[in-house]
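Student: Next come the chains, spelled out residue by residue.
2 protein chains.
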Amino acid sequence: MTRLWNDPAAFADDMVDGFVRANGRWVRKVTGGVSRSTRSPEPQVALVIGGGSGHYPAFGGLVGPGLAHGAAMGNLFASPSAHQVEGVIRASEQGCGVLLSFGNYAGDVLHFGAAQEAVRQAGIDCRTVTVTDDIFSAPPAEAERRRGIAGDLTVFKAAGAAAAQGSPLDEVERVAIAANARTRSMGVAFTGCTLPGAEEPLFTVPDGKMAVGLGIHGEPGIDLTDIPSADGLAELFVERLLDPAEIPEGAAVRGGRVVPILNGLGSVKNEELYVVYARVADLLEVAGLTLVDPQVGEFCTSFDMAGASLTLFWVDDELERLWLAPADTPAFRTGSMDTSALESVTADGGEAAEAELPASSEESRRAAALIAQALAAVRDLIGEQAAELGRIDAIAGDGDHGIGMQRGTVAAAEAAAALAEQGAGAGSLLARCGDAWSDRAGGTSGALWGLILSTVGSHLGDTELPTPDAVAAGISAATGAVMDYGKAAVGDKTMVDALVPFADTLADRVGAGESLADAWKHAARAAAHAAEATAELMPGMGRARAHGAKSLGTPDPGAVSLALIVERVHPVLAAG
Amino acid sequence: MTRLWNDPAAFADDMVDGFVRANGRWVRKVTGGVSRSTRSPEPQVALVIGGGSGHYPAFGGLVGPGLAHGAAMGNLFASPSAHQVEGVIRASEQGCGVLLSFGNYAGDVLHFGAAQEAVRQAGIDCRTVTVTDDIFSAPPAEAERRRGIAGDLTVFKAAGAAAAQGSPLDEVERVAIAANARTRSMGVAFTGCTLPGAEEPLFTVPDGKMAVGLGIHGEPGIDLTDIPSADGLAELFVERLLDPAEIPEGAAVRGGRVVPILNGLGSVKNEELYVVYARVADLLEVAGLTLVDPQVGEFCTSFDMAGASLTLFWVDDELERLWLAPADTPAFRTGSMDTSALESVTADGGEAAEAELPASSEESRRAAALIAQALAAVRDLIGEQAAELGRIDAIAGDGDHGIGMQRGTVAAAEAAAALAEQGAGAGSLLARCGDAWSDRAGGTSGALWGLILSTVGSHLGDTELPTPDAVAAGISAATGAVMDYGKAAVGDKTMVDALVPFADTLADRVGAGESLADAWKHAARAAAHAAEATAELMPGMGRARAHGAKSLGTPDPGAVSLALIVERVHPVLAAG
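Chains as they are written, first to last, in our numbering: chain A, 1 to 576; chain B, 1 to 576.
A few of these clues could be false.
One copy or two, either will do: identical chains are not told apart, so a pair holds if it fits within one copy or between any two.
[Said to hold, decoys possible] Listed next, the in silico SDA-like pairs over lysine to any residue satisfying Cα-Cα at most 25 Å (straight line): (1) 209 <-> 1; (2) 209 <-> 7; (3) 209 <-> 225; (4) 487 <-> 283; (5) 487 <-> 528; (6) 209 <-> 399; (7) 209 <-> 8; (8) 209 <-> 195.
If you are wondering where the hints come from, they were derived from the structure by calculation, not from laboratory data.
Let the sequences and hints guide you as you build the complete structure.
Tutor: Quick look at the structure:
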């Protein structure tokens, strides 16, 4: 069973976060999943794979040089949406066309198909090869109806290697089709699995029994037997996979070459797999096959389901060469991959080297330096207050507001110092600090603070003197943007409850002719009162509603942090 | 629980077999475990690691260029014996000294220590660094008493990288000590695990509870709590590991650099680990640490135990460089390892290129060609009979006699054809075919047939005419060797029951002046009768005793295959 989660509804998102945090060398987070964090000097056909989550290393673990370019990562055991797939395609394609490949399941076919249509209409050449390796999911005569299980890997690897060597889309598609036609798998299971937070297992296998052909989402198998010995399981695997009806066209048992992939589904461990593999290897060799680069481990799992599958990839010379080509991904590394020529790409897919800073005026640079000072002060303040903000948030939320704000302000202050040093104007500095804050903090508050900084920045520009009017107008515009983005109004117990009175007071006071520092002081006071008053409100939106009763009497952490920040900025403005 | 095995008593051996079959690119089987199957052009300090089995990838999965040179692989959760450790040391050392490293457990300390003494007496410079990373196994003041868990990896990696770059033993030992001093881990568990064939779990954790500090063999922990959220677990890990008493000397939290290793113990899956990791990364960064090359996955398991550990490796510049250096092993691959200069080594540790063949006479080469013909005929015969031999063996044994004989005869026939082509004399051809048979077949029958071929070969030599007397004397000597090695006598229902009458009849007939072909024919008939008669015997030795009743009425498969083989050789002799 699955034991570790925070909010079961957020499990897949949390997982992708952690996956990207741990594997930034290979992947970056994009809309709908992950895409490579590096790019080869020459553009390539982009291989985009994907499917539901819960099958690690499928699918994000297979993204990297020599394998996939991106992976759409759906919810647990659920296809990614067309929107997600499209997001990953757009982040991954390099002008040479896109090959989509995924296991043959109805939901995936639907959503990947819709995404393919959408990007084709945008002029991107996009093809699809579905993986159909599970011999028990349909008879040989209807092989195109079969499901995809651990054989995914052979199709992805062949296509990824072809793309890496610069083959055009026609060729990449051809080898993917050829690899799928030469891949056969069968699986068995001893237990089901329980998804995060579920009361009941998603499916079960009776104690001491083995379900033959059970799918990786619990699709019914063909037989229920006693659990055999390790050798007995090896014999079952090999007997079924060497059935003459399952030998791919153009392949032969005697004198043939196969890559055997013995895959654990979660709780059958490596030691057991190796005991089974010893006999699998014997039986295949005795049948006359030569074994190429065997794989024993976890390649396509079903959470912690106890089970295993054997895949045979019947290689010819071309497929063997593609299989053995180097690859370097979070979960699959083979050969000696030369990564020296790779370039890093940023979260938005552009080159990591930032675009050059626009020309800036002396006065805008002076304002930028002041903003950098303010952001450093804010970082220190939030560092001190993070625990308290987390405590308030934990009463009704998930308690991560403090840490999110801390991540965001640390990133923004760092970026600001560097940009001020490089001579950025106020507008560019704020815009890029907003990106840094949002990227690093994640979550809703990160996105909203990113929006605030970049909206204000676009009102200030890099050459104009940042007048009090421009600042007030920028903050009013940012307030509107936050309300749009967050779909929140005053009274919903969010940051908006403090932001609106802050923006309004600032605009009024500046309009009445006060200095920016004085106007800011009054506005900050209004924000503080409003933040305090959120303690009397019930949350008005979404998931937070369920926690309404708990949060009554406690102010909204987003409103509190906004009030603290604007208060802290005042002395910097006054001194500047 | 563990579900897949053949004979629980043979589980660890079977596992090593499958491991080596799947990973021959990196490892070869040696006495006591595995050693690298490649050697770098320049000799290196040899890093020999090890411990009980059941912790994959510890320990065999960490053998390969840039990491360990060999791993002693004990039985399940049991230290390897001193003899095993010594075997791995001798197979791995290259004249530059040896560093032993392993988790600090009493059994391992004892056996590795005895092996160290033994090889030191043989003039090998050998040192030991035990790993002591588990903070809950002893207080900080007694850190040298602590157990080793997933922190093994950092010590092995640092030492292996130092050895790979050609550092002398003093240096390799120094960095291993430094790495251990800067490594801290803590673990939690949600369930115990059940060893192959056991009725009861080895240890348990109450349902829904988390044992804090439970060891990887079930050693008691320090606390039992409810299972926390993923974030809660991350907080527990980080709080305990950042306790001031646990910060290594010379390291600092603010501004420090750590490699975080979030390790699953078996059934906590990658998705869950990534959810936990997201918060671990946050907390470490917010504390002021820079994260270096994070690792999330399985590095030191406890079969399919549900649990996890976090290791912090507090790197300085040197340790960071060693950590990031390339490594290429079955289970741990990092960086871009140039393997082009590596040479393959054979099972006995020599260069893969066989020693040159001794000079041979024309007549001995003619005999060798005849033997190659005979071995080809035997291979075909056994190919036809393998299923039947397996069937007989399955009645009282494990049913693998047919497949073992098939592996052995295929390997011997292949080797014979190549050696005859290269001009080998009869003696060398038989000796090397015996090695091939034994290596490839494994098991007792493989060892016995290897012994038969090489003993006969040493009686024939490469220059003498292989006379009938020499052949008969060789077969008599081989019979004695088989009885010694197998501790079997006539009447024990083994191959010996057919081999003794075969050898005796052959010697008698040849002594009486018959041609070799005629004498062989009579001897083969005697073997056939004797093999048939084993159906009336009860097994006389070891484990087979329990199966005595079942096998009554069925002949011994080893005796049957011997009789079949000698019968098949007759027409080749008669024609040759």
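Student: Determine for every hint whether it applies to the structure shown.
Tutor: We went through each hint and held it up to the structure:
1. 209 <-> 1: both (18 Å within a copy, 13 Å between copies)
2. 209 <-> 7: Answer is between: at 19 Å across copies they meet the 25 Å cutoff, but 33 Å inside does not.
3. 209 <-> 225: Intra 6 Å, inter 33 Å, cutoff 25 Å: intra-copy only.
4. 487 <-> 283: Close neither inside one copy (63 Å) nor across copies (30 Å); limit 25 Å.
5. 487 <-> 528: Within one copy only: 22 Å inside, 90 Å across.
6. 209 <-> 399: between (43 Å within a copy, 23 Å between copies)
7. 209 <-> 8: between (30 Å within a copy, 19 Å between copies)
8. 209 <-> 195: Both: 21 Å inside a copy, 18 Å across copies.
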